[in-house]
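Participant: With the hints in hand, could you dock these two chains into one complex?
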Amino acid sequence: MKVGVITFPGTLDDVDAQRAVRYADAEAVALWHGDTDLRGVDAVIVPGGFSYGDYLRCGAIARFAPVMQPVVDAARKGMPVLGICNGFQILCEAGLLPGALTRNSSLHFVCRDQWLRVENTETPWTTRYEEGAEIMVPLKSGEGGYRAQKSTVDELEGEGRVVFRYAGGNPNGSVNDIAGVCSANGRVVGLMPHPEHAIDALTGPTDHGLAMFKSLVESVVAA
Amino acid sequence: MARVVVDVMPKPEILDPQGQAVARALPRLGFDGISDVRQGKHFELEVADDVDDETLAKIAVGLLSNPVIEDFVVRRVGQE
Numbered sequence: 001m002k003v004g005v006i007t008f009p010g011t012l013d014d015v016d017a018q019r020a021v022r023y024a025d026a027e028a029v030a031l032w033h034g035d036t037d038l039r040g041v042d043a044v045i046v047p048g049g050f051s052y053g054d055y056l057r058c059g060a061i062a063r064f065a066p067v068m069q070p071v072v073d074a075a076r077k078g079m080p081v082l083g084i085c086n087g088f089q090i091l092c093e094a095g096l097l098p099g100a101l102t103r104n105s106s107l108h109f110v111c112r113d114q115w116l117r118v119e120n121t122e123t124p125w126t127t128r129y130e131e132g133a134e135i136m137v138p139l140k141s142g143e144g145g146y147r148a149q150k151s152t153v154d155e156l157e158g159e160g161r162v163v164f165r166y167a168g169g170n171p172n173g174s175v176n177d178i179a180g181v182c183s184a185n186g187r188v189v190g191l192m193p194h195p196e197h198a199i200d201a202l203t204g205p206t207d208h209g210l211a212m213f214k215s216l217v218e219s220v221v222a223a
Numbered sequence: 001m002a003r004v005v006v007d008v009m010p011k012p013e014i015l016d017p018q019g020q021a022v023a024r025a026l027p028r029l030g031f032d033g034i035s036d037v038r039q040g041k042h043f044e045l046e047v048a049d050d051v052d053d054e055t056l057a058k059i060a061v062g063l064l065s066n067p068v069i070e071d072f073v074v075r076r077v078g079q080e
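Taken in order, these protein sequences are the chains called A and B.
Under full-length UniProt numbering, read the first sequence as residues 1 to 223, first letter to last.
Under full-length UniProt numbering, read the second sequence as residues 1 to 80, first letter to last.
I should point out that these hints are in silico values taken from the structure, not numbers from a laboratory.
Just so it is clear, the structure is predicted and the values come from calculations on it, not from any experiment.
Backbone N, C-alpha and C fix where the C-beta goes; we use that ideal spot for every residue, glycine too.
One-sided and incomplete, this derived list gives chain B residues near chain A with beta-carbon spacing under 8 Å:
hint: 1; residue: I14
hint: 2; residue: L15
hint: 3; residue: L63
hint: 4; residue: V68
hint: 5; residue: I69
With the rest of the complex left out, here is chain B (with noise of 0.2 Å):
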């Protein structure tokens, strides 16, 4: 079994008011010098040796990001 990664963010030219939520919120905590937050979703899958990167690529775009508004990185982190 390997553990797999992936993170998906929405695109950059896509407004994230949650992460423009948490960025304010920041001063207001008495955090400074943090100029902008995007929020996103991290997913660990734990995954059996034969499935390989296609697989993996066909997983992130077809349920885990919608790519009309997300991008998305698949990384192997290493073996259980």
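Just chain A, same shape as in the assembly (with noise of 0.2 Å):
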């Protein structure tokens, strides 16, 4: 089971990204974002980070870069996609997920432990939670003000594709609360908080985050 991780310029959670992958016993392969193939990968995480000195918009730039052609053509056959942080907004950009982030309402970068709630566990990133559980993963994002059309927002709501909800308080203005979204077809999950940074309780607030790496490992074994 081999999950690539893309590096961009600026990315800057590869490693604690592939770490995860490897806590979950599944072999971490570093993508490149000059590559042009997956190189056989069964899955792809889009780490956080600001690529490309987020430049123009976060996430704008990445979207272009060669790597990004095969992995938008393996989501949409099913392979499954997590965008972290600048993972997200690059596959927001991308037009993998919907909506986009802005900059957050108070202003302030924001860094801290904070509370979400899962409510979609049918994604192949979360079948390990229980719906409705609450975890506590870093937050570090300055623009992770989730904003969409009134209908899309409708539509996710609607279609159960709100994936993590912040709880405890809102922390960047997001509409409804939302700090994770998921495709259509549950496949390409993305969320602005780091679970990659909250897998062993040694090096971060909590493990609550590893159940994403180990929910994918054992939702592709199954597949």
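Facilitator: The following block contains the structure:
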């Protein structure tokens, strides 16, 4: 079981994402932004950071990197993809997820341990959670405010595609407290908080994030 | 060559906290009578004569703006 982790110029959290994959007993495969194929991986993680310096808009340049075309093609065929923080922004810019991430309503960069409620346990990234489970993982972003047209938000809510919702207060002004969403087929998930930083109580606030990576391994092995 | 200006603005229904922060700062600086500020981006492109309006619109919608949250206006402002 191989999970690709993409590194763009300016990516920060690729190493932690690779470590999370290894904690879930899968092989982490480093993918470079200039790669034109996915090296036979079964899933892809687009990690956090500041790809291309967040120039223009967060994720706006990264979506045109060569590696993104095979990611988009594979995702449309059902390969699981997870976008974390800047990765979520990139997947929105690439059109794999609806909506957009905008400047936090407070204008402040938010860096804190954040409670989330898991609302969709059907995606390949969330099967190990119980519906309604509350998990604590780090949130660290300046442009994490989730926005979408009202019709899009209604669709996401109606179809159960809000995967994670902020609990215990909205940190960034996201509409409906949305922290993470999934694609129509449920295979692509994006969220602003960082599960890969919460896989071991020694190095994170909790180990609540590890179940995301274990969910993926179970889902792919079962398929 | 022609100069083309693309102005990108947050859609009216999208919260613009940066513009609001500017608007709140103005009275503190002694400037009264400004009821709202919205902040956007202004691009200046030097464009060859054979680049048509359709191409410019594709550039504006595909890269310079995010149509989910932003509107844009493309203007040709003159020859260089």
